[in-house]
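Chain residues, written in single-letter form:
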Amino acid sequence: MHNAIEVKDLTKAFGTTIAVDRISFSVQVGEIFGFLGPNGAGKTTTTRMLTGVIPPDGGTATILSHDIGREPVLVKQGFGVVPETSNAYADLTAWQNLMLMGELYGLEHTRAAQRASVLLATLGLLERKDQKVQAYSKGMKQRLILAMALLHKPPLLFLDEPTSGLDVQSAQMILSLLGDLNRNGTTIFLTTHNMEEANRLCHRVGIIRSGKIVAIDAPEKLKAAIDRVHRIEVSFDREMPGEALGRLPGVASAHRTGDKWQITAENSDAVIRSLVKFSQEHSATIVTLNTLAPSLDDVFLRLTQDVSP
Amino acid sequence: MNPAGISEQVQRAWAIAKKDIRIYYFKAPVLIFGVFMPVFLFLAFLMGSRQLPLAFLVSGLVGMTLFFTATAVSPAIFPWEGQAKTLERLASCPVTVEAIVLGDMIASTLFGIAITLITVIIGLALGLSLLHITTLLAAILFAACCFSAIGMLLAVPPTNAPSNIMILSSLVKFPLVFISGIFVPLEQMPSWGLALAVCSPLTYFTDLVRYSFTGVHYFPVIVDFVVLGVCTVIISAGTMCLHQRTMPRRM
Numbered sequence: 001m002h003n004a005i006e007v008k009d010l011t012k013a014f015g016t017t018i019a020v021d022r023i024s025f026s027v028q029v030g031e032i033f034g035f036l037g038p039n040g041a042g043k044t045t046t047t048r049m050l051t052g053v054i055p056p057d058g059g060t061a062t063i064l065s066h067d068i069g070r071e072p073v074l075v076k077q078g079f080g081v082v083p084e085t086s087n088a089y090a091d092l093t094a095w096q097n098l099m100l101m102g103e104l105y106g107l108e109h110t111r112a113a114q115r116a117s118v119l120l121a122t123l124g125l126l127e128r129k130d131q132k133v134q135a136y137s138k139g140m141k142q143r144l145i146l147a148m149a150l151l152h153k154p155p156l157l158f159l160d161e162p163t164s165g166l167d168v169q170s171a172q173m174i175l176s177l178l179g180d181l182n183r184n185g186t187t188i189f190l191t192t193h194n195m196e197e198a199n200r201l202c203h204r205v206g207i208i209r210s211g212k213i214v215a216i217d218a219p220e221k222l223k224a225a226i227d228r229v230h231r232i233e234v235s236f237d238r239e240m241p242g243e244a245l246g247r248l249p250g251v252a253s254a255h256r257t258g259d260k261w262q263i264t265a266e267n268s269d270a271v272i273r274s275l276v277k278f279s280q281e282h283s284a285t286i287v288t289l290n291t292l293a294p295s296l297d298d299v300f301l302r303l304t305q306d307v308s309p
Numbered sequence: 001m002n003p004a005g006i007s008e009q010v011q012r013a014w015a016i017a018k019k020d021i022r023i024y025y026f027k028a029p030v031l032i033f034g035v036f037m038p039v040f041l042f043l044a045f046l047m048g049s050r051q052l053p054l055a056f057l058v059s060g061l062v063g064m065t066l067f068f069t070a071t072a073v074s075p076a077i078f079p080w081e082g083q084a085k086t087l088e089r090l091a092s093c094p095v096t097v098e099a100i101v102l103g104d105m106i107a108s109t110l111f112g113i114a115i116t117l118i119t120v121i122i123g124l125a126l127g128l129s130l131l132h133i134t135t136l137l138a139a140i141l142f143a144a145c146c147f148s149a150i151g152m153l154l155a156v157p158p159t160n161a162p163s164n165i166m167i168l169s170s171l172v173k174f175p176l177v178f179i180s181g182i183f184v185p186l187e188q189m190p191s192w193g194l195a196l197a198v199c200s201p202l203t204y205f206t207d208l209v210r211y212s213f214t215g216v217h218y219f220p221v222i223v224d225f226v227v228l229g230v231c232t233v234i235i236s237a238g239t240m241c242l243h244q245r246t247m248p249r250r251m
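As you go down the protein sequences, you meet chains V and F in turn. Quick note, the first sequence lines up with residues 1 to 309 if you use the working numbering. Quick note, the second sequence lines up with residues 1 to 251 if you use the working numbering.
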């Protein structure tokens with residue numbers, strides 16, 4: 001599988017402040033890549049460099065096999081952008097905004113109109129297509145921006161906080177559409193603060209801190225990597241001997257809290273097997289069994305805590 | 001289709017021009033300002049310069065109208081769009097900075113031509129005869145392109161505050177009007193005034209308009225056209241080059 005985005009030593013400074021410091025990463029075709037980081041970490045600057053809005057001071061970004069610095073128009077023709085702030089023309093209607101995008105991407109009018117109708121219907125905006133955007137709610141504006149980004153059926157989509165501040169209905173509609181797009185082959189570069197969103201959607205996430213990439217991996221691998229000791233919570237339908245529980249293979253410690261046992265272990269799989277066997281040997285039934293793995297929030301906080309306010 | 005090809009980029013510039021006309025030019029205050037501003041300046045000088053013939057003053061009115069209308073809105077488009085973040089939308093689309101500038105120039109050229117034709121009709125309604133209609137139409141076209149390029153040149157400083165640009169714009173535009181033979185015939189200017197007048201593209205347009213209405217001209221007609229053409233090319237190229245440099249600083 002080849003890469004949709006290939007970034008090497010990308011650097012950007014504003015005056016004496018280095019916003020992005022020689023970062024390198026790649027995003028595979030067909031992947032949803034989450035780009036996470038605290039405020040001011042360099043996420044938006046990176047996205048702006050990748051989308052050709054601002055030039056990098058150093059390094060290269062190859063997008064869809066073209067260098068963004070050398071062939072910006074060819075690169076931009078291949079992706080769509082959904083920025084954090086709605087930037088549709090407020091004095092134009094939704095339809096006029098979409099037709100403008102069609103012309104800017106070189107689409108024939110008939111094709112652009114057909115595609116615009118489908119997208120507006122999918123995003124629940126068809127009935128208000130002739131209304132000026134200034135009368136739209138934030139959710140409607142964001143859905144329109146997504147439609148504008150998708151008009152030319154790009155194989156790659158950049159999204160910067162696409163659901164930030166949206167109502168649940170709009171957010172779910174956008175996330176559902178992103179899932180569908182990815183299943184149909186669209187590569188997605190998603191900048192977000194929403195860990196739950198990243199955890200749910202992304203195949204891999206990259207975490208940036210103070211302009212440097214501090215981790216890149218699948219969310220589950222990152223969670224596993226930050227905490228070698230796993231926590232397991234188990235409860236039985238009868239009293240169990242605590243000392244015996246603590247001596248089970250792989251169990252590091254066992255503490256009782258209420259009607260449950262909190263167990264720590266390095267290998268959760270082995271401990272769960274031991275617990276099942278242990279309950280059978282004591283003719284007990286396991287009432288609940290939860291693995292308390294670290295969340296992506298934990299990963300994010302652990303990796304970014306040094307600079308968080 | 002080569003999206004980076006010249007013909008594709010010109011088509012996309014046309015899309016930007018249509019957007020500009022819809023958003024920025026088809027507005028009552030803009031249209032009213034475009035007509036009222038030169039008319040009131042003209043009336044002020046008509047009352048103060050009774051010895052000048054009407055044909056001379058109408059020629060000046062046409063010159064001022066085109067100059068003010070072609071440079072009225074275009075300097076503020078970049079700051080407006082920078083504020084509204086729509087410039088970032090354009091910057092992430094497959095259009096070059098040159099195409100964005102060209103689109104803005106096309107819109108301001110068309111706006112300038114449309115309003116100027118109204119003042120020509122006013123001149124004809126006042127009883128003036130048009131001796132060289134082809135020369136006048138060609139002059140309006142050449143000068144509209146040149147003045148819209150000047151308008152975009154005024155938009156080069158990378159500020160997103162339209163008021164800053166409008167102040168700069170006024171500081172440049174008003175002195176140009178007074179040195180361009182609109183209110184004082186070139187023949188009556190002192191040598192230092194003439195030296196300034198030859199530096200202003202508006203001088204050559206006013207000379208052509210005067211020739212179209214009265215048959216009298218100061219410079220040879222061909223010289224007027226060549227200067228306007230050369231100014232258009234040089235200012236347009238310079239403007240595009242400068243916007244290319246300053247665009248990232250607007251983001």
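Worth double-checking, as some hints may not be accurate.
As the list claims (entries may be wrong) - Derived pair list, reagent style SDA-like, types lysine to any residue, alpha-carbon separation capped at 20 Å:
id, chain 1, residue 1, chain 2, residue 2
1, F, Lys27, V, Lys138
2, F, Lys85, V, Gln96
3, V, Lys153, F, Ala4
4, F, Lys27, V, Lys153
5, V, Lys132, F, Ala4
6, V, Lys138, F, Ala28
7, F, Lys85, V, Lys153
8, F, Lys18, V, Asp130
What the hints assert, rightly or not - Calculated Cβ distances over 12 Å to all of chain V for the following chain F residues:
id, residue
9, Asn2
10, Gln11
11, Leu57
12, Leu90
13, Ala114
14, Met247
Unchecked claim - Counterexamples of contact, computed for chain V against chain F with all Cβ distances above 10 Å:
id, residue
15, Thr60
16, Glu71
17, Pro72
18, Ala90
19, Glu103
20, Ser164
21, Ser176
22, Asn182
23, Asn194
24, Ala215
25, Ile216
26, Gly258
27, Thr264
28, Thr288
Simulated from the structure, these hints should not be mistaken for lab results. Where a beta carbon is used, it is the ideal one built from N, C-alpha and C, also for glycine.
Now the hints, each set against the structure:
Taking the CA atoms of Lys27(F) and Lys138(V), the gap is near 26 Å; set against the 20 Å cutoff, the hint is violated. Between Lys85(F) and Gln96(V) the alpha-carbon distance is near 17 Å, which keeps this suggested pair within the 20 Å criterion. At roughly 19 Å between alpha-carbon atoms, Lys153(V) and Ala4(F) fall within 20 Å of each other, so this suggested pair holds. For the proposed pair Lys27(F) and Lys153(V), the alpha carbon gap of about 34 Å is over 20 Å, so the pair is violated.
For the given pair, Lys132(V) sits about 31 Å from Ala4(F) by alpha-carbon distance, which is inconsistent with the 20 Å threshold. A threshold of 20 Å between alpha carbons decides the hint, and for Lys138(V) with Ala28(F) the separation of about 28 Å lies outside it, so the pair is violated. A threshold of 20 Å between alpha carbons decides the hint, and for Lys85(F) with Lys153(V) the separation of about 23 Å lies outside it, so the pair is violated. The straight-line distance between the Cα atoms of Lys18(F) and Asp130(V) is roughly 17 Å, inside the 20 Å bound, and the hint therefore holds.
Remark: the non-interface label on Asn2(F) conflicts with the geometry, its nearest Cβ contact in chain V lying 8 Å away (cut-off 12 Å). At the 12 Å boundary, the C-beta of Gln11(F) falls inside the reach of chain V, the nearest C-beta of that chain being 7 Å off. For Leu57(F), the condition that its CB be more than 12 Å from all CB atoms of chain V holds, with the nearest at approximately 37 Å. Taking the minimum C-beta to C-beta distance to chain V, about 8 Å, the non-interface status of Leu90(F) is violated against the 12 Å cut.
Interface exclusion of Ala114(F) from chain V stands, the closest Cβ pair being 20 Å apart, more than 12 Å. For Met247(F), the non-interface assignment is contradicted: its Cβ lies about 9 Å from the closest Cβ of chain V, within the 12 Å cut-off. For Thr60(V), the condition that its CB be more than 10 Å from all CB atoms of chain F holds, with the nearest at approximately 17 Å. Some Cβ of chain F comes within 10 Å of the Cβ of Glu71(V); the nearest lies about 7 Å off, and the non-interface call is violated.
Distance check on Pro72(V): its Cβ comes as close as 8 Å (rounded) to a Cβ of chain F, failing to clear the 10 Å threshold; non-interface status is violated. Distance to chain F contradicts Ala90(V) as a non-interface residue, since its nearest Cβ pair spans about 7 Å, not more than 10 Å. Chain F draws Glu103(V) into its interface by the beta-carbon criterion, the shortest separation being 3 Å against a cut-off of 10 Å. Look at Ser164(V): its CB is around 15 Å from the nearest CB on chain F, clear of 10 Å, so calling it non-interface holds up.
Non-interface status of Ser176(V) relative to chain F is upheld: no Cβ of that chain comes within 10 Å, the nearest being about 24 Å off. Look at Asn182(V): its CB is around 21 Å from the nearest CB on chain F, clear of 10 Å, so calling it non-interface holds up. Every CB of chain F is more than 10 Å from the CB of Asn194(V) (nearest about 21 Å), matching its label as outside the interface. Every Cβ of chain F is farther than 10 Å from the Cβ of Ala215(V); the closest lies at roughly 28 Å, confirming the non-interface assignment.
Listed as outside the interface, Ile216(V) is consistent with that label: its C-beta sits roughly 24 Å from the nearest C-beta of chain F, beyond the 10 Å cut-off. For Gly258(V), the shortest C-beta to C-beta distance to chain F comes to about 53 Å, beyond the 10 Å cut-off, and the non-interface label holds. For Thr264(V), the shortest C-beta to C-beta distance to chain F comes to about 49 Å, beyond the 10 Å cut-off, and the non-interface label holds. For Thr288(V), the non-interface assignment is confirmed: its Cβ lies about 50 Å from the closest Cβ of chain F, beyond the 10 Å cut-off.
Hint compliance for this structure: hints 1, 4, 5, 6, 7, 9, 10, 12, 14, 16, 17, 18, 19 are broken, all remaining hints hold.
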